[in-house]
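Once you have looked at the hints, place chain V on chain W.
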Amino acid sequence: MVDKKEISDLKKRKKEEETLLEMGKFYFLNGKYKEAIAELEKVVKLNPKNSEAYYNLGLVYETKGMNEEAQKMYKQALKIDPKYKLAIEHLNKLTGI
Amino acid sequence: MAKLQFVIIGLGTFGMHLAKNLAGKGAQVLAIDEDEEKVHEVSTLVTQAVQADATNDKTLRELNISDADAAIVAIGESMEASILTTLLLKEIGVKKVIVKGISPLHGQVASKIGADKVVFPERDMAERLAESLVSPSILETVELSPEYNFAEVLAPARFVGKSLRQLDMRTHYHLNVIAIKRKIPELLDSGETEFKEEVIIAPEPNEEIAEGDIIVVLGKDKDIEKIKE
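Residue numbers (the working numbering), protein chains in the order written: chain W, 1 to 97; chain V, 1 to 229.
Hints listed in this document are in silico derivations from the structure and should not be mistaken for laboratory results. Each hint should be verified, as a subset may be incorrect.
As the list claims (entries may be wrong) - With a straight-line cut-off of 27 angstroms between C-alpha atoms, the simulated DSS-like cross-links for lysine-lysine are:
| # | chain 1 | residue 1 | chain 2 | residue 2 |
| --- | --- | --- | --- | --- |
| 1 | W | 85 | W | 64 |
| 2 | W | 93 | V | 96 |
| 3 | W | 32 | V | 183 |
Note that the structure is a prediction, hence the values are computed from the model and not measured.
So here's chain W without its partners, still in its complex pose:
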């Protein structure tokens, strides 16, 4: 049987992950790219399967003109979710397809 504490911990972590992702997106939308990267890095550390965090990292890097890093992040997002439409579009654009 699953421990109640375990479920509560899991919920807490999920909540933390969501909050950090929202923070990362918020910073990106406000042009604070360094801060956005820091928050999004925390998300992928908590949950390496968070494709949205990788997509957002890609977006921040691409906006900064760091296209190689952006490609790596989009590829990572697509490894987790191969049907991630926006990640596919951005990766295709960067690789010139």
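For chain V alone, coordinates are given in the frame of chain W:
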């Protein structure tokens, strides 16, 4: 505005890609090749695809192509066929004839008989690739004259947060900033993040350079080189 009309002669790799791209951009394309299979392949994508020998004067005239905005001779194997076709196109009165060069000598002959432009796709691409490998912060250059280029350059970190007036690139680098391409983060209705690309043409002196900006400059090669990090 009426659609642009192009004639492409020779459907090798270059001609085929050119035909598909032009058609994809909404232009009217007449594609000509002797090979039935190639003509068939491109037929559903372009306005008209014709199996014909472009070195035949009568055939070419029958196609009624004198009104085309440009004709591209993309014949890759036979220099003779390429030269003959170029000559015929000029005689018919096609406004602009662009020839895919097969060798330097072929390019010279094509220019002499009236080709408006000779391109060497592999050489040109190699030059661009070399440039982008050596200078990754220079994203694209377009030659305006042998000395002057338009170039898209990723704004170096030292420019970020400074206005064009402060940077005074005309004095310090002998460059004119024609435009700034900027990515603006946005939130989609779906809640997903994206960015839209904005182009600021002829930016005001007060315009500040933002991180990730691509500045479009006009100037000499050596001056463009100087601003990269």
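For each hint, the structure was consulted:
A hinted pair counts as satisfied when its Cα atoms are at most 27 angstroms apart, and residue 85 of chain W with residue 64 of chain W qualifies at roughly 21 angstroms. Restraint check for residue 93 of chain W and residue 96 of chain V: the C-alpha separation of about 31 angstroms exceeds 27 angstroms, so the hint is violated. Restraint check for residue 32 of chain W and residue 183 of chain V: the C-alpha separation of about 13 angstroms stays at or below 27 angstroms, so the hint holds.
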